[in-house]
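Counted from 1, the sequence shown has number 176 at position 176 by full-length UniProt numbering; the numbering is strictly sequential.
Among the hints, a few may not be true.
Unchecked claim - Using C-beta positions, here's what the derived DEER-type ranges look like:
| # | residue 1 | residue 2 | range |
| --- | --- | --- | --- |
| 1 | LYS410 | ASN162 | 38 to 48 Å |
| 2 | THR349 | HIS257 | 48 to 58 Å |
| 3 | GLY346 | LYS410 | 22 to 32 Å |
| 4 | GLN433 | LYS386 | 20 to 30 Å |
| 5 | THR505 | LYS134 | 22 to 32 Å |
| 6 | SER55 | TYR506 | 54 to 64 Å |
| 7 | ILE233 | LYS386 | 33 to 43 Å |
| 8 | PRO45 | GLU350 | 12 to 22 Å |
| 9 | PRO39 | LYS478 | 16 to 26 Å |
| 10 | GLY343 | HIS63 | 21 to 31 Å |
| 11 | HIS63 | ASN391 | 39 to 49 Å |
| 12 | GLY43 | GLN433 | 13 to 23 Å |
Hints listed in this document are in silico derivations from the structure and should not be mistaken for laboratory results. Bear in mind the structure is a predicted one, so any value in this text is a computation, not a measurement. Think of the CB as a built atom: it goes at the ideal place given N, C-alpha and C, for glycine as much as any other residue.
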Amino acid sequence: MALIYAVPLWLPLILLPPLLLLFMKKMKAVRQSEQLLPPSPPGLPILGNLHQLSSLPHQSMCHLSKKYGPVMLLRLGQIPTLVISSAEAAREVLKVHDLAFCSRPLLSGTGRLTYNYLDIAFSPYSDHWRNMRKIVTLELFSLKKVQSFRSTREEEVGFLVNSLSESSALAAPVDLTQKVYALVASITFRVAYGLDYRRTTFDREGFHEVVHDIEAVVGSISADEYIPYFGWIVDWLTGHRARMERVFHEIDTFFQHVIDNHLQPGRKKYQDDMIDVLLRIEKEQTEVGVSQFTKDKIKAILLNIFLGGVDTSSLTVNWAMAELVRNPRVMMKVQDEVRKWVGKKGRVTEDDVHQLEYLRMVIKETLRLHPPAPLLLPRETMSHCKVSGYNIYPKTLVHVNAWAIGRDPKYWKDPEEFFPERFLDSSHDFNGQRFEYLPFGSGRRICPGIHMGSITVKIILSNLLYCFDWILPHGLQKEDMNMEEKAGVSLVPSKKTPVILVPVTYLQ
């Protein structure tokens, strides 16, 4: 008893704070263990892991995943971000737990896209989104609708071939990147807007600039989204907010102009373009009193058609031509296939392209190495689920790194080599059922424009290969072809340098 009373009464008060601290650290470790979060690289205060991403984030994330694993958690400022870099984990996200991962993040604060129709375009999965997607899939991009624009595509490709023939007669180098971009833009203008891109009187150079500015704004990081409290100041100082307001006002004005033209009585038209179809749906729904389909929703669809169609198709052709020039064996083989099948008809038609098996393999291989959306489109978790045993919580941003998966030696032999024969007798296709190959995504968020994009690429590329031989200008060698990606200009990574080639006419 004497020993007990000998202990000073103030001693427990001194020992209590360190004991509490030890207890709290132990409880925190237990909670983290129970959470089973994916591995994550160490980050900085406020910024998190933002400083570890380059201007080509799919490449940065691929590099990090090699150290921290194919299911990796980053913190981009205040936003938890899950990065998926394996086919097995992609299958869980895009198929097994597709419903939990099918939402899309909405921007907030000054980072919010300021026009209502743009919020609609990027809205989360909902009844409204399902209705909009049904319209896009069944009315605009059905196989029957895509086939109805066949003559437009073939006519526009003919204009390009004639232009290249003139350059061939002069043995003059051509900027094939610019030529193909203008061709795909022209097809899109006619199919979607009912406008002749080559004959319409508007500032094409200015329009190109606006489109690329929109892509840059949509694809860029808004500081207000990621950095709490003072991110809006960064956006204001860098001019991000002002640029965003300007470019969306300009594209909104353009869309309103073409819609107003379609509403003019007595307008002459060759066939219904996509605006005609959308205006008809709006009118039908309004007449039965159930319409929530507005002009802003039409603009949202038109914006997605242009952003999702022009760059993806034109740059796929661009990458394919660059890879073929660097690989003469493949170039000779695919040209031999096209020319033997087509004979001396003078042009490749869409009936022909369905018979060109090696051409399809060349396009598949191009999309493996250069997927149109290397991180797919971002998703956001709607509910708690597990991926590869790790807990993933709601409001987590999700990126599936299709670029990294397509170059993983676990799934592809010699993955950096351009070898179309790897797709011979292969079940890999564009439908997103093989998760090591996801050029158009998978699940509910798969790209609805697969048919339109694939036939556009096929008809352009086949005619370029049939009508011309291609040589590098000024004595350059295939080893001189720069295959680096260009950063920060578009949602779709483009070649750092344009493809400059000299066309040599094949048939006189």
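Structure-based check of all given hints:
1. LYS410 - ASN162: 38 to 48 Å: holds (47 Å)
2. THR349 - HIS257: 48 to 58 Å: Cβ of THR349 to Cβ of HIS257: about 34 Å, so the range 48 to 58 Å is violated.
3. GLY346 - LYS410: 22 to 32 Å: Roughly 46 Å apart at Cβ, these two residues miss the hinted range, so it is violated.
4. GLN433 - LYS386: 20 to 30 Å: holds (22 Å)
5. THR505 - LYS134: 22 to 32 Å: Hint violated: Cβ distance 46 Å, outside 22 to 32 Å.
6. SER55 - TYR506: 54 to 64 Å: violated (40 Å)
7. ILE233 - LYS386: 33 to 43 Å: holds (39 Å)
8. PRO45 - GLU350: 12 to 22 Å: Roughly 57 Å apart at Cβ, these two residues miss the hinted range, so it is violated.
9. PRO39 - LYS478: 16 to 26 Å: violated (41 Å)
10. GLY343 - HIS63: 21 to 31 Å: About 49 Å separates the Cβ atoms of GLY343 and HIS63, which means 21 to 31 Å is violated.
11. HIS63 - ASN391: 39 to 49 Å: For HIS63 and ASN391 the Cβ distance comes to about 25 Å; the hint is violated.
12. GLY43 - GLN433: 13 to 23 Å: This hint is violated: roughly 36 Å between Cβ atoms.
Hint compliance for this structure: hints 2, 3, 5, 6, 8, 9, 10, 11, 12 are not met, and every other hint is.
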